[in-house]
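Student: These are the residues of each chain, in order.
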Amino acid sequence: MDDLMAARSQMALSLGFHIIFACIGMVMPFFMATSHYFYLKTGDLNHKNLTKAWSKGVAIFFVTGAVSGTMLSFELGLLWPTFMEHAGPIFGMPFSLEGTAFFIEAIAIGFFLYGWDRFNPWFHWITGLIVGISGLASGILVVAANGWMNSPAGFDYVDGKYINIDPIAAMFNDAWFTQALHMTIAAFVATGFAVAGIHALMLLKGRNVAFHIKAFKIAIIFGGVAAIVQPISGDLSAKDIAKRQPAKLAAMESHFETTKRAPLLIGGIPDEKNKSVDYAIEIPGALSFLAHGDFDATVKGLDQIPEENHPPVLVTHLAFQVMVLCGMIMVGLGLLYFFAAWKKRDWISKRWFLMLFIAATPLGFIAVEAGWTVTEVGRQPWILYGYIKTSEAVTPMPGITYSFVVFSLVYLSLSAIVIFLLYRQIKMVPELYTDHGNHSKKPTEPIQ
Amino acid sequence: MLYVVIAFLCLSILLYLLLGGADFGAGIVELITKSDLRQNTRMLTYRTIGPVWEANHMWLIIIIVILFVGFPPIYSALSIYLHIPLLLMLLGIIGRGTAFVFRHYDAVKDDMQRVYNLIFTYSSFITPFFLGIIAGAMISGDINPDANSFYELYVAPWTSFFSISVGIFTVSICGFLAAVYLSGEETDQHIRQVFIHKARLLNIATVISGALVFFAAYVDGLSLMVELITEPVTLTILILASLSLLLLWHFLNKQKAAASRLVAGFQITMILLALGYHYFPDFLVMHNGANLSLFNAAATGKPITTLAWALILGSIFILPSLFYLIYSFQKEPEGQA
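As you go down the protein sequences, you meet chains A and B in turn.
Note that the first sequence covers residues 42 to 489 in this note's numbering.
Note that the second sequence covers residues 768 to 1104 in this note's numbering.
If you are wondering where the hints come from, they were derived from the structure by calculation, not from laboratory data.
Even glycine gets a Cβ: it sits at the ideal position worked out from N, Cα and C.
Do not rely on the hints blindly, as some may be mistaken.
What the hints assert, rightly or not - Stretches of chain B that chain A covers, calculated by requiring three or more beta carbons in the stretch to come under 8 Å of a beta carbon on chain A:
id : region
1  : 810-819
2  : 830-840
3  : 851-857
4  : 873-884
5  : 1057-1069
6  : 1082-1092
Stated by the list, open to error - Under the rule of at most 30 Å between Cα atoms (straight-line distance), these lysine-lysine pairs were calculated in the DSBU-like manner:
id : chain 1 : residue 1 : chain 2 : residue 2
7  : A       : K255      : B       : K876
8  : A       : K93       : A       : K284
9  : A       : K468      : B       : K876
10 : A       : K246      : B       : K876
11 : A       : K258      : A       : K246
To be verified - Derived DEER-like restraints, expressed as beta-carbon distance ranges:
id : chain 1 : residue 1 : chain 2 : residue 2 : range
12 : A       : G334      : B       : W1076     : 36 to 42 Å
13 : B       : F1062     : A       : E349      : 39 to 45 Å
14 : B       : P1087     : A       : K202      : 40 to 46 Å
15 : A       : G334      : B       : N915      : 55 to 61 Å
16 : B       : L1013     : A       : P439      : 50 to 56 Å
17 : B       : F1062     : A       : P439      : 30 to 36 Å
Produce the complete structure using the sequences and hints provided.
Tutor: So this is what it looks like as structure tokens:
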């Protein structure tokens, strides 16, 4: 493996790892705040226990997200020093604001996790909400920085120099809104379906039903709503990419030749050599419509882009298909849940119904990873679209393969430990939070 | 506005050394605690540092962001030539943070606890050690972009005697700060005495390793000591720091927790101040004399202005809530232990 490939793999691994924890850190606080709110309003102990149980999970995920995020802030320089030297001052604005948001998040999580029975209950509730809001702000700001790499703005490039730098214009680049919107909704979808899936599994086992049903409902309502509105944001993104990054759209759709009335491909395996796609279902004119709002519009193909600037088509295309497929399944499940909640209340205790949601547990995160693959691989060979190539930005230090191997091992073991800890937390639920059927009787406090 | 950014950079470095340092130190203190008292140390660390430790480490993020936005050549040069120690430090940060949280949030308390403890204590040692090594390498003038071999470019700058002694010095400082801090939080008289004893030992270790830094500088051909004592300002600072040692021992003996902390913090601030004053504005001393300074490596124009405003606005949000957090958890919890 050469150094460039090792550096790219290490970056992909680090981002792919971090994004899972970032999503959970962004979204779980809202689930907790919801459950916490019901507890404060009604005094229902199941909601209190649920808030506490979730907060333990969040503590585990938050620290893993925080250390992997710290790691990333160094890795940008360790792996791409040339890029950072030019880009730092231009796209630094969202990072400096993100520093503040992250800091506030860390302070608020201290208050929230350690603040039970110490503060006014509503102050304590607000600190939990602040964790979520600052987490969300962090996420949006970092995505805005990534948006700048896709849609460079806020500088003039003259004779190899970056002048007239305007960090605010760089932050509000053309891509920031569509990307941040799509990612924020995706975080809710992914976390919602993952959490709902785990609690559905517990419901299937029939233990602590009152506890798990409340958890399932909160998670699936957030996740389901997010999944149903996500295609709208996806459509905005597609139209935006068609305008700004035709090469990426062409790779996503394996659209080799510029055509009018371009078909939308569903599935299929692109053959980059022969510039053809096998086994795909074609919907005539649909790509033109989705990209430009007109069935007869011309969609730019890879033939109009110099070969050396083509992104890898196979990976981008497959990742896009995976993302859309997962998204569509979750739209269906979201609708199914709301239909059941409206008309068929008893479905929630049915095995087949729970099995569907258990099966969907990883789908949101698969979609998130696939979506980032589309964004990042689809931008190649550029690190800063149209200005700096990834190969020009990589560190001059040789031997990155070693660091890639070390970090792969670190992230693998961390993932294993986090799964192990989560398993143990869930296994302990019956012992820590038994059903309190009779609320008038003072129950024993769960063990800290 | 550049001065605002520089002020925030200096403040963040100081706060990271004091707060983050005390935090690493808690693991170092645990490492050198006899096994029968370790569980006690763990509980105390959890109670006093648990709520604030994540916030303490945010200063490092602020430092990094200031460097890459405001002083990109410095960030880039550090990333290239000190890649290896930075990676090792990051491994320490990852291990330490996760082990600290995992050991508390593991729902089943079994043999895994020993694994977490092991990772926590050793990474608490490794992280400040490499931080110190990096700091040493930044001022030793061993970074040589004109070198040819892998060893000279990427290994030699941070494996000098001087860098390693700064690493040891940093570890001592962290342990010392933590012992002073923890001794003030312990309510059990007997155990408090143990912490005070450790604070004294680690204070001696700090003084000795400080002397080692000067010695290493001498051996490596850096005239650091002579320069520091011939310059009136740094000399005064060092004298103040040395005199405050007497105060520190007095307060430790009298068990005045707040005063001990204040003096310990003062000493470390003085050490940083002396070094900062001596090297300012240079931030990265290069072998070929083309030092990267906070002036010649600074971004200009809007990036600096917006960074300064972002820092000012951020601190309006961060500082009051951070102080309230630290203040809130200094008090004994009411009604529960």
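Student: Which numbered hints turn out to be false for this structure?
Tutor: 8
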